[in-house]
Each structure stands twice: as C-alpha cells, then as structure tokens.
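Protein chains: 2
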Amino acid sequence: MDPAALLAKNPALVGMIQDKLNTLVGQSSGYIESLPADVRRRVSGLKGVQKEHSKLEAQFQEEVLELEKKYFAKFTPLYQKRAQIVNGKTEPTEEEIQAGEEDEEDDDEESGAVKEEDEDTGPVSGIPEFWLSAMKNQPSLADLITERDEEALKELNDIRMEYLDRPGFKLIFEFNDNDFFTNKTLTKTYYYQDENGYGGDFIYDHADGDKVEWKSGKDLTVKVEQKKQRNKSECASQCLYNYH
Amino acid sequence: MDPAALLAKNPALVGMIQDKLNTLVGQSSGYIESLPADVRRRVSGLKGVQKEHSKLEAQFQEEVLELEKKYFAKFTPLYQKRAQIVNGKTEPTEEEIQAGEEDEEDDDEESGAVKEEDEDTGPVSGIPEFWLSAMKNQPSLADLITERDEEALKELNDIRMEYLDRPGFKLIFEFNDNDFFTNKTLTKTYYYQDENGYGGDFIYDHADGDKVEWKSGKDLTVKVEQKKQRNKSECASQCLYNYH
Numbered sequence: 001m002d003p004a005a006l007l008a009k010n011p012a013l014v015g016m017i018q019d020k021l022n023t024l025v026g027q028s029s030g031y032i033e034s035l036p037a038d039v040r041r042r043v044s045g046l047k048g049v050q051k052e053h054s055k056l057e058a059q060f061q062e063e064v065l066e067l068e069k070k071y072f073a074k075f076t077p078l079y080q081k082r083a084q085i086v087n088g089k090t091e092p093t094e095e096e097i098q099a100g101e102e103d104e105e106d107d108d109e110e111s112g113a114v115k116e117e118d119e120d121t122g123p124v125s126g127i128p129e130f131w132l133s134a135m136k137n138q139p140s141l142a143d144l145i146t147e148r149d150e151e152a153l154k155e156l157n158d159i160r161m162e163y164l165d166r167p168g169f170k171l172i173f174e175f176n177d178n179d180f181f182t183n184k185t186l187t188k189t190y191y192y193q194d195e196n197g198y199g200g201d202f203i204y205d206h207a208d209g210d211k212v213e214w215k216s217g218k219d220l221t222v223k224v225e226q227k228k229q230r231n232k233s234e235c236a237s238q239c240l241y242n243y244h
Numbered sequence: 001m002d003p004a005a006l007l008a009k010n011p012a013l014v015g016m017i018q019d020k021l022n023t024l025v026g027q028s029s030g031y032i033e034s035l036p037a038d039v040r041r042r043v044s045g046l047k048g049v050q051k052e053h054s055k056l057e058a059q060f061q062e063e064v065l066e067l068e069k070k071y072f073a074k075f076t077p078l079y080q081k082r083a084q085i086v087n088g089k090t091e092p093t094e095e096e097i098q099a100g101e102e103d104e105e106d107d108d109e110e111s112g113a114v115k116e117e118d119e120d121t122g123p124v125s126g127i128p129e130f131w132l133s134a135m136k137n138q139p140s141l142a143d144l145i146t147e148r149d150e151e152a153l154k155e156l157n158d159i160r161m162e163y164l165d166r167p168g169f170k171l172i173f174e175f176n177d178n179d180f181f182t183n184k185t186l187t188k189t190y191y192y193q194d195e196n197g198y199g200g201d202f203i204y205d206h207a208d209g210d211k212v213e214w215k216s217g218k219d220l221t222v223k224v225e226q227k228k229q230r231n232k233s234e235c236a237s238q239c240l241y242n243y244h
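In order, the protein sequence lines correspond to chains G and X. Residue numbering for the first sequence follows my numbering, starting at 1 and increasing by one per position. Residue numbering for the second sequence follows my numbering, starting at 1 and increasing by one per position.
By construction, these hints were calculated from the structure, which means they are not laboratory data. Heads up, some of the hints might be wrong.
What the hints assert, rightly or not - Straight-line distance between alpha carbons at most 25 Å, and here's what the computed DSS-like set of lysine-lysine pairs gives:
1. K69(G) / K215(X)
2. K51(X) / K47(G)
3. K47(X) / K70(X)
4. K188(X) / K136(X)
5. K69(G) / K89(X)
6. K81(G) / K136(X)
7. K51(X) / K55(G)
8. K51(G) / K136(X)
9. K70(X) / K154(G)
10. K74(X) / K55(X)
11. K69(X) / K55(G)
12. K70(G) / K47(X)
13. K74(G) / K74(X)
14. K188(X) / K81(G)
15. K81(X) / K89(G)
16. K47(X) / K69(G)
17. K51(G) / K51(X)
18. K47(G) / K81(G)
19. K81(X) / K74(G)
20. K47(G) / K81(X)
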C-alpha cells in the first residue's frame, strides 16, 4: 500500500469508530429478552455459528496481510526508484519516460509546445517539492497544511512505510536539512491490538510519534502572535480622528 | 464477505466517486507545464514507474479476490446453517448454543431470569423476522425502511451472495409467500468493469435488478394517496361556515 493512501485513511478515526462499535456489541435492546425461550435458544445458536465465522474471518485477515506484505516487497524497488528520481540521485530511463509520456499526449496538445528551460535558472536537481505537491493534491491533507507548514514540508524528501513484527505499521518521513528542526526523520507508529475484534478484523490501538526537535523560535505548532492589537489601535485612533 | 456488509457498502456510490476521480486523472492544473524541461522528463519517468506499480496493484487485487472466494467457500456452510436455523429447518446443536451463550452471561444478569415461554402462543418455527431485524439494526438501512416495507420484509427468509464469472457479484433476496409480490427471489447483480482502473483497483460499472411482480394494488413503490383533498374541502367548508 502506498504511504499516501495510508495517510488518507486516518487510522485514529477508524480506531475510534471501531471502539464505539465494540461497546455496542453485546448490549441488549430488550428485543432478545422479549422472545420465547425456544427462539432465544436459536439466537444463541446463531451466535455460536457466528463465532466460527469470526475465527475464519481472522484467518482471512491474516492471509490478506501476508498478501499485502508479499506485494509490499514487490512495490519497494519502485518506491526506491521514485525516491532516487525525486531526490536527483538518478535519472529515469528512456523507457520509463516514454511509458509516462504515453499518458500525456493529450496534455501536450492542450498546453502547446514543451516549455524551454529558463535561461536564468541553473540546472535543477530531482523534482523539487514533490512530496509537498503530493500532499497538497490530497484534499483531506491540503486543508491541514498552512503556509508556514509548507516551508518545512518543502524539505520532505521521502515518505516510507514499514510493517511491524506485531500488528501495525510505521510511517517514516525523511527530511533534508532544514531551518525548522534537527530530526533527519520523523516517524509515527500505528499499533493494532494483538487480538482481532469481534468480527475478526484488526483493531487500531494507539499511535506514537517522534518528538520534533525544533530549532529555536521555529516551532510550527506555536501560533504566531497576530499583530491585531496594533491594527485595532490604529482603527481606534482613526475612528477617533473621524469623530473629531 | 457477509451480504449485509456488502449491502452497507453501497457500490453504486463507490462507483460514482471512482468515475469522478477518473475524470480528474490526467487533467492538468498547469503546474507540470510550468516546470523546467528536465524536471518534466523526471515527472514523466515517475509516471512510467507508476504504471509498473499499477500492474502489480492489479495483480494484488486479483489475488485478494481469489482469497475472498476461497474464504467465501469456507463461510458458505455457516451461512447455510444460519438459513436453516432462521427458517426452522434445523435446530442449533448444544455446542453452538453454549458457545453463543458464553457471550450472553452479562445480558442474563441484567435482564434477570430467562423468560418462560408464553402459554397462550403455540410453538414458534425458526427465528421470525430475523432479516428484517438485521436490516433495522444497520443504521444506513434502517432509515430507508418504511412501516409498509416492513410488512413485506418480514417475509424475507435469506440474503445470499454469489460471485460472477466476470468481475462483480449478485445479491439474492429470498422471500416466503407473501401478500405483495409473486417473486420467490429478488436478485440484484453488480457489474464491475473488465479493465482495472488507473490505480489497479476494480471499478464499478452498473447494476441490474429483477422486475418485481407486484400483486394487484400492492406495489410498495407507489405512494399511498393521502386523503388530503377531503381534508382540504372539509377545511374549505369549515372556513366558509365560519365566514358566514
């Protein structure tokens, strides 16, 4: 699975919903108790059958996870090649460029001739701001990114995912040297419960993130003091001026 | 996968969203065209790499589908047993009842002693209104079911799913003899496109449902005529009366 897709899924939210549903499981609405005894026995029997279903469902989820890991290993060389191209460590092959350009023919017709390289800029390494652009193209993320965040996210050079030995995964955000913090990587690890849920599916438990080592005065989580007070007094004096 | 879970997913809605996303793929925001030529070549190269990713993703989706079918075969005897218990064709085993009752101990404590069978009702076959109850316990379905619908849905005795030979699946709703229509089963078939989408995933195409053979005057899709006209004329005459 692509890390960007994982990000978009917001496992914390999924976990909260699962927790809520789990509190509802087994709660009585009074309906079951109102049934004749022989019907209640049949409902109990169905719950027993459902337990067998849940065991199979848990096996199914395990097999899907194994399949995901198998394909993750196949995807990884492509992600590595992407990182190398994005960060200017290698150039794409002619075959890769041609395969990509097949999709672009319509675009080229619309936008006219290929733009010549600007003469007043030097050669550019890799694809600048690739990950910032990717994040801004994901609507649920775009709304969260402030202009100040962008300055730091411009220096994001890779996002990777790793599976844990227990249920869960880790997201790794790798940065260039930047003005905001000293960490080279920021990771966030999502832990799932060891026991599958009532329905046999994995259940989100909690997530831990690295502490960001902010450079002095560069903590992006601290709100910049708005100089509203000054504007307000300017307005006040202006109002005063008009009043006279 | 359980048919109830499939129902809840609303593939038509998923399909509409996918269609919308597909129209966006390849659309230009002008950003790419603004890049220097060597950066554009790298972006084209990444698209070529992404194509390899999509091929692998399509293989992954195929393997997941095979896994779903493998487990569907394991689930099927449990679904068949459920149908037999629900419809009074067999009783659950003691083991099944005991396994189910393990989850209920807390409920019993809350609701007091097990209710004795009512003496003025005869023996009840199976679990009446099982599927109507299931549907009413699914919030997204509950809001769609009117009181008139309930009269027909009380006679729903099974919901099953079948895979198609092509991408897609069929839902089968089986009914007892009822006052509303002559069909024994109503089916709805969901077709997916033969070609996987840009990202390698299956894409919903369309769905076909059986024609319901309504009994005379029993079509539940026709709104019951509200006797407003009469009320209105009553009101009009009353107004007239008051006017005099």
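**Request:** Check each numbered hint from earlier against the structure, then list the numbers of those it violates in ascending order.
**Result:** 1, 2, 3, 5, 6, 7, 9, 10, 13, 14, 15, 17, 18 and 19
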